[in-house]
Structures are given as structure tokens and as C-alpha cells.
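Please model the entire structure based on the sequences and the hints provided.
Given next are the chains, with one letter for each unit.
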Amino acid sequence: MSEVSMTVNGRKVQALVEDRTLLVNFLRDNAELTGTHVGCDTSQCGACVVHVDGKAVKSCTMLAVQASGSTITTIEGVSGGADLHPVQAAFREHHGLQCGFCTPGMIMTAVDMIRRHPEGLDEATVRAELEGNICRCTGYHNIVKAILAASSEMAKGAKGKGRAKAA
Amino acid sequence: MYAVNYHRAKSVSEAAKLGKGDAKFLSGGMTLIPAMKTRLAAPSDLVDLTHIQELKGITVTGKNVTIGAGTTHYEVATDQRLAKVCPAITYLAGLIGDPAVRHRGTIGGSIANNDPAADYPAAMLALGATITTNKRSIPAEKFFKGLFETALKEGEIVTSVSFTAPAKCGYAKFPNPASRYAMTGVFVAKGKEGVRVAVTGAGDDGVFRSRELEAALSRSFAVDTLEGVRVPSDSLMDDMHASSDYRAALIIAMAKRAVAQASA
Amino acid sequence: MGMEGIGARVARKEDKRFITGAGRYTDDMVVPGMKHAVFVRSPHAHADIKKIDVSDAQAMPGVVAVLTGKQLKADGIGNLICGWMIHSKDGSPMKMGAWSPLAVDRVRYVGDAVAIVIADTKGQARDAAEVVNVVYKERKAVTSAVEALKKGAPQLHPEAENNLIYDWEIGDAAATDAALKKAAHITKMHIVNNRLVPNAMEPRAALAHYDKAEDHYTCWTTSQNPHVARLVMSAFYNVAPENKLRVIAPDVGGGFGSKIFIYPEEVVCCWASKKAGVPVKWVADRTESFLCDAHGRDHVTEVQMAFDKDNKVIGLKVDTIANFGAYMSLFSSSVPTYLYATLLSGQYNIPAIHANVRAVYTNTAPVDAYRGAGRPEATFVLERTMETAAHELGVSPAELRRKNFITEFPHQTPVIMCYDAGNYAASLDAAMAAINYKGFEKRKAEAAKRGKLRGIGMSNYIEACGIAPSAAVGSLGAGVGLWESAEVRVNAVGTIEVLTGSHSHGQGHETTFAQLVTERFGVPIDSVSIVHGDTDKVQMGMGTYGSRSGAVGMSAIVKALDKVEAKAKKIAAHLLEADESDIVIENGALKVAGTDKNVPWFQMALAAYTAHNLPGGMEPGLKETAFYDPTNFTFPAGCYICEVEVDPDTGKTDIVAFVAADDFGNIINPMIVEGQVHGGIAQGVGQALLEGAHYDPSSGQLLTASYMDYCMPRADDLPSFQVSHQNTPCPGNPLGIKGCGEAGAIGSTPAVINAITNAIGTNDLEMPATPQRVWRALQTVGK
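Residue numbers (this note's numbering), protein chains in the order written: chain A, 4 to 170; chain B, 128 to 391; chain C, 306 to 1088.
No lab work stands behind these hints, which were simulated from the structure alone.
Among the hints, a few may not be true.
Claimed, not checked - DSSO-like, lysine-lysine: derived pairs with alpha carbons at most 30 Å apart:
| hint | chain 1 | residue 1 | chain 2 | residue 2 |
| --- | --- | --- | --- | --- |
| 1 | A | 58 | B | 137 |
| 2 | C | 321 | C | 928 |
| 3 | C | 427 | B | 164 |
Set out below in C-alpha cells:
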């Protein structure tokens, strides 16, 4: 057992957990944030993607104790207090989700993708960078559309304000 | 996952002390944690190396490259100085796993694990890299010992890899459609010591150098040289995803792409 | 149409919770005192259980209970059933082998549940499950249906001699044989339809809570049809009487058929919750899903298509063997019969058809409906054969199809179905125009310069949806009716709740259904809520599958809305002192036509509930219920064209263009409909290129039991799709809807394979057409 402590969406979460506890289970059970999902056992589906210290990470492939001391952002906190993050808004506008189960991981991956590509994105890049996220409902068509739209929307916003929007 | 005890090491020497018996070193954990989740790996203890500063970073001095074992695939893939002297390795790093995996997985973890379908071992072998541990330096040729086997001994930790960037190098990977690991990956390098071609994902004993391709490309380092060249399939992996003769064909196809990339 | 009414691309109301992480799936539910379950599963494909010793497991830390099949049987829990009776052609009923929710003396596939371990944490339950000592005596296993029928094959169930469940036929054998005899040309094919694993992204789960004081169960579960789950668990599995069992299917993360069926796990969790005295939660691992979710497809078919000298199809003879796995899943029997063979006429005028279907037990996971369910298999048989015939006859695949299209409606096929409306040529033309069919040769030549083999292939599918007229399916053996229910509750302030027996697990019902109400009453869409998925809230319903929620579920809502409208108009007429027939509803008000006299919708609703001033004899309140039973199936149809490029060095296929031209009848929300098509195409392409469940034939182990080995379609496997509609309204239901949920998965698969075989110049290619298979096929070309 270890005392694990991390900042999740700006809130300090602390608990004594078994060392084998995965970060995703810590987030779901201890932080009571159930937006982060588990869709596979082999680190491939990406339903569990969160940001650890600003980078997209599969929370099913990291022990909670490894993340102790880190700053975590989950789908519940990605908008940073705004109603919706531009990526969340784009997923809704472009129908980038159906059953919603993969969606939190998709959005967290997309936010990270856009952050890493300030030069902008094209369809091929988006599709390649979604390798670690599986969706069974949408055929990815509208997910790709939503990410491209959010990327250009955010670039416009960044230009307008001379700085990047909340990520 | 079975119960396990976690230790966070602050230095290589502390980690080495902790890494005894049934303990395992944990770097990015992108292979080890999934193996533990499916209960295929059951270490008693995990020694986390990711907080050890001395394992991190990339130095490029002229053509000489040293990559700290704790450097992530993402850091390798996006290092501009490294891309200038050895673009194939940054390209290779950008093909490992997916973006989230690349944020965590490290070069040290990858080569210490020596998965027969991992990408880095091919690069290390073709680049004639030296693997440095807390105890010694090991040439790549002697480091990789077969499926998931390396020259590492108990308590021995990879601290860095280093190599001299060759004049030309290229990598091409044909991923397994499901797992996206290399079903065949070929790294070609043309440097002072001649042409070296290393193949991952295909050999039934892990990464290997292809003497046939090296001989052919030594005659002329060009895609056309590979027309009609055959590699033997008898020591290649044979599974439901790819038979050995198909893998033999993929080796040629990937070698052509790698040479084209190296020559571009 | 208004901004939020019928035909509008309204952004989904349900999305806010999904995009903010506030969705509530079964695994998100927490009940005080809840414990975690892990199932002990058979590692063998076929074995006798000699002994189960749970003592070591019971002594493990955190363990609450370890329960076995013997205890389950002793408590009277029933065997799992197949709810659709099929009779063999000799008149004998199908041979249903016993399926205990926990195996008692024999296991029949890898993953067969043997015991349940309940502990404080899932980790502890798993630790304990590993030490449950089950002594097995292995038997020989068989995984292929063709092999299972052979003499000397391992026998699975004493009830089914030679593993044969039924030997069924449809159509006119003599007329078909006569057609074959006089044919100018016969195209013969051997067609394998590969086994698929549905893989909804949310794994199956159940949380069962037995309330001792009330002697009442609540079960949250990943179901496409919670009412059917309650009915079956109550009537057949003896879990509890219906009034003592509440089934809730909250947000469900995809189904694709796999969550229709009532599986052992939810039954066992309910029983175990009472037995162990704790709420029990079970959530499948992905590998558990691979092993135990009902799989799809797995047919082997011999087909003969007969043509006369004018290239008109004069007969079709089909012989299919369907692999059912180890047990008959809930609707398994209907899939290769009434959902398959009845569609073998396709879009074509075929005077004589005969199909024979044998259903067979094997030591594999049960097989049941998976997106399309039988109709993809029928389309694949027809469209591969039609394409092959065109090549054999030396005519254009498009023109051969066009020549044989049904053009007059209604059209009675020789295999039960009566098509009500369609325009197949319109979709063919639209698809050919969209992909620039004429320009293909030029594109092929350009690809050849890059060393790529370019191919084009089409598929013209039809499906029977809007499942289904109760009397018709009852006469064919269904154990349930397939109507749908709806209740429309207008609240006192005018907001509206629609309670539906349909279940949304990605389909967007909360939006589409609300659009109907908005269209009808002119109220803002935000004032309409859709309630579904809870047997305590919705009286009864049949759930969502078979593209039925539009054609059947929404028709029930329309019927209820009719009743609400009639009463609302009566109230308004009374308030406005006007004649009821003069009242019209516009922009959220009830108006006297041609005047400015009106009463706002909310005021009328308030009047209904205050009941101070209602027409004489009228009951207070405004709430209406309707049950809608369709009179026919609906028949969506369309044309899909796929263009591929194959890399001859590696055998890798890239889909470079994909066009879908569909006739879905009238459409409520085009954005959602297009999304359904995209997803369906991805699944169909997955079947063609990537996905295949593969069992080791001797050990019966599933070799593709995780995403490491089972290839799921990813974003970079697919292109963006070009989707269009050429709709002919369905005359059979009030909205003119045909249904769109399965079309993509039905129509796309043969188009992809037809394109690849066109590209590589050989027709000998099994699915999935992996790079290795395509490469190997290429090695035979020109040799």
C-alpha cells in the first residue's frame, strides 16, 4: 500500500491504495471521476486517456503511485472552468460521438494532438495520430472532422488573442 | 495484476540496490504494465526509474549521439538536432505505439525489454550503437540475445545508448495490422564501417542483421540493387498474422523503402 | 421543417454529458456495500467437470463468496434459452442443448462460466478465482461447423445428433432446380463469411442489488432491451417475478447486437446478490468480451446463380452452414433463417430461389445477431456472386445488376418478403456519379504508374428492417412480439416527457425522438425529454436492434402524439370557445385557424391539470400511451462503391474512395443518419479487410482474444466517406421511415472485396483480406 497524492483538475486527491492500483482506477474510484473509461486490457483503445503533467497518457497503463505528485487533467476538467473546451464543442457540433464511451479519451487525445501541432493539422495526420484510440460507432469520419475543425478554430482564437486557448 | 511493491528511485545507484531478486525496473511501463495486468509478468517489486534525472536527455556533438535511457519516444521523435544528424531514428521513434505511448515509453525500457517486434533494437544494431549500463558498455551486437533476452545481468540498468550517426540511414516498418508492432521493420545504415541492415519483427530469435541485404547494398546502396534479392525464410517467425515466406517478402519491401528514405 | 423539427441537423441533446465525462454507464454505478465479481471460466474448449473445490478461494483475503453451478441449479435458476423456434424441413423442432448460466458437469467453449467469485475488490476476486480448483477431463473439440457435421466429430449436446440444430429450407427447390437445368450460364461460388467479434467499446457489465426487505432486485446492465431482459430473466430463468425485478440499462456504450441477448453473467449476478447478501458488480475485461460476447456471422455457403441467354437471373440456389457456437443464444436461430434467407432475392427479380440452412454446434462462443444479422451474409453471397457473374459473362457489373433490378412495387419475392417501395437504379446512378465510375480506368492507369493496383467494386444491398410485424414473426416462430410502446406525458407547465421502449446506445434517440415532438407541437426541443432504459419508468418495450427504433419506435411515439394532440385540441377548443376542428398548432400555441385567437401550449397544459375548466366529461391530465405494431418490414436499399489501391509488394489495401447511396425513406435528422452510415461502413470494411475471430482448430483456443491479435478498424484504416440519399418514403408507417442503423455494415463488405479482387485479378480471396492474404493471392496471379 502507498499513500498516493495528486492534483486532479485542480483539486488535491489523496488516498492510501494498493501499489497495483492503476491510475484509471484511482481516478474512477478514489477521485470519483468516472468520465475516464476502460475499454481494453492491452493499452490500445485509448478510452482511458488523460493528461499527466500536460501530456496525453493512457491511465490504464500507469500505476496510480507512479503518478503520485503529478498534475492530472481528465475529461471532467479539460474545459478549465469554461462551459466547453473548443474540442468538446467541435465533437458535439460535428457529431463526433455516438455511444460516448470512447469520447473522453478521444477528446483528451485530440486536445493533446492540437497542442503538439501548432502549425495545424491535416486529415492524414489526424488519422495517424488517432492510432491509439478506437471508436466502434462513428467510423472516425466525424471525429476527424471535429478535430480538424477544432484545430482551425483554436488557431483562429490563438491569433485573435495572441495566445493559445486553455488546453 | 498481482500485488506488487513500488519503489521510486532517485538515482541509478539506489535503483540498482533495489533491483534485486524478483524485482523489475520500471521505465515507461508501456510493455511491463500491460504484461502485469494480464498476469503474464509478476514481479515482486517495481523500481521506478522515471524520476532519475541522470537518465534523461539527448546530446548531439557533431555526429556523435548519446540518448539517455529515460528519454521518451516522444522526446526522441521531436528532437531537432537529432533529426538533423540521424533522421531515421527520430522517424522510427515517431512510429512506436501511439502518441500517448510515446509520451511514456523510453528507449532504455524498449531495448532492455528486447521485444522481437520492437523498433529500437533494429536501429541499435544497424547503427552499431553502444549500450551503456551502470556497470559497463556493451556493443549492440552483443546486447540483444534473442526473444526478450539481453546481456543485462541482475541489478544492471541501461543508462544510455550512443552511436555515431552514419552518412545515410533509413527505417521502414510494416506494422502488424492489429497490434501495430513491427511485423517487419528494416533499418539500413551506410557509414564509415560500411552498410549495416538490421531487421526486427521478423526473426524467430529476435532482431538480426541481414547479411544478404548488406552484401547487396554494399555493392550499390540503391533501391534497384534490391530487385530480385531474396532473403531466406527458414529462421523467420511464422504466425497467423504473417508466415515466414511473407515476412521474407516484407523484408525486401521494407528494405527498399528504407533505402529510398536514406537516399532521399 | 423548423430549426429543430423533422429534417433538421440538430446537434445531439445527449452529447453534453458524454463530452464532459458525465455519462453514466453501468460501471459508473455505485451501490453502498457493493462487492466485485470475477467469473471462473473454462480454459478448455470441451471438457467434463469432475470436481470443483472452492475452499482455497474462499479463504483468500477479501472474499465474500464463491458460488458454483450446482448451487445455482439447486436454487432453481433456469437454463438459458433461444427464443425463436425454427423447425427443420422434416418438421422436427430445433435441437436446443441445455445451457446452464454456470456450467455444472461440462464446459463447451473456452470462457464457459463455471463459478463466480465475489470479493471486496476486483483484484482480490481475481486472485481468488485463480485458486478455485476445477478438475476437468478434456474432450476433443471442434470449432468449424463444416467439421462438426462430419461423422465422428466430437458431439456437444445429447439433444443434437451430429451437432445439427436444424436443417431448414425456404423457397421452391423444384422450380430452382429446373431453372438451373435450363440456364445458359451458372455462376458457382464457395463463400465463407468470417466470424466477427462485435466489440462495443463499453464491455458488458452488470450490477445486481437484492433488497432483502422488499424481496426485490435491481439490475443495472449493458442492455439494448432492458424490458426483454426482465421478461426473459423472470419468465424463463426464475430470477424473480417481473414486479420484483427492475432492470436498468443506463448509458450503454454501443451494442451492435451483442447487448440484445441475456447472458449468464447478469443472471448469475442477480442470483448471487441474494445468495451472498451483497450488491454484486461484474465488468468484463476486453478478453472476456472476446471470449464470451456473442459473435457474429460465421457462414459457409455454396451458391449457384443461373442466368438465361439475356443475362437475366432465373434461379438462385444456396446451401449454407451456420456456426452457432456452443449454445443457442437468445435469437441465434432467426439469424441464418428469417434474417438471411428471406433477403436472398436482393434487389433483383429472381423467379426461383431455394435456400437450405444447417445450424451447427461447435466448441466456440455462441453466435447471434451482429449489426445486420443475416442480411450482411445474404448481401455478401448475392453481391459477390453477381460481380463474379458479370466477369464471367463479360458484361459490366453495374449493367448486369441494372438489368435484373426490381422496378415495380410492391414486389413479392419467392422468399416471403414483399418489398413495398424503392428505386434501386436511382441509388446506382447516384453512386456511380459520385465516384466518377467512368473515370476509373484513367485513375487505374495513373495508380499503375505509382506501382499500385487499383480496383473498383460495388454492392447493391437490400435489407428488411423495422423489425417486425408481431403476427408475421409469431407465425415464423418468434417467442415475442416486435411492436414498440410509447408514452407521452405533457407536464402541467407544458414540458414533455416521452417514455419509449426503444433504447439508445449511441443512436441519438434523445435528439431524434424529441425532434418529432418539436415538429408536432412547436415547443422548443429543450422542453422535451426522452426517457428510456428503465423498466420502472417505461411500462414495456422491445428495445433497439434491427434498425427498428425509427420505423417502429418512432411510429409508436407518433401514435401517442396523435392522441395527445387530439385531447390538447379539445381542451384548446373549449378554452377558446371554438370548434375542435378549427384548432391548429403553430409555434407553440393552439390557434383558431385564420384568427389571432390562441392559447399557448403551456396554458393548455396547465388547464389540463388544474382541471378547473375542461370540456364536460373529460378526465384531467394530458398523458397518452400507444403501442405500434408494424404491418410489414421496411426495406432500406442502396448502392455502395469502393475503390482501392493494393501495394503488390506488401499486399496492403488502401481504401481510396468509398461512396454510399442509400434509400432510407424519410429522415428525421440527416446528421445522425449519416453518422450511422459511417459507423456501419467502418464495421463492414472491418469485416472485409481486418477483422476475423480465429480459433485454433485442435485446442479450440481463441487466438484473437485481444486487440493485439483481433484487428479493429482504426482511423488510418479508413477514408472519409461520401454519403448521399435517394429516398423513397416507406408507405408502411406514418413517418415513411425505413431505418438506417445497419445498412452500412450490410452493404459495404462485398463492395470492398469486389474492389480488391478487381484490383488483383483473382477472385480467390477470403475475408478478412489481410495484407498477407492479398499478397498470397497475388503470388498465384499469372502463374
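Hints, one by one, checked against the model:
no.	hint	result
1	A:58 - B:137	22 Å, holds
2	C:321 - C:928	28 Å, holds
3	C:427 - B:164	12 Å, holds
Of the numbered hints given earlier, the model fails none.
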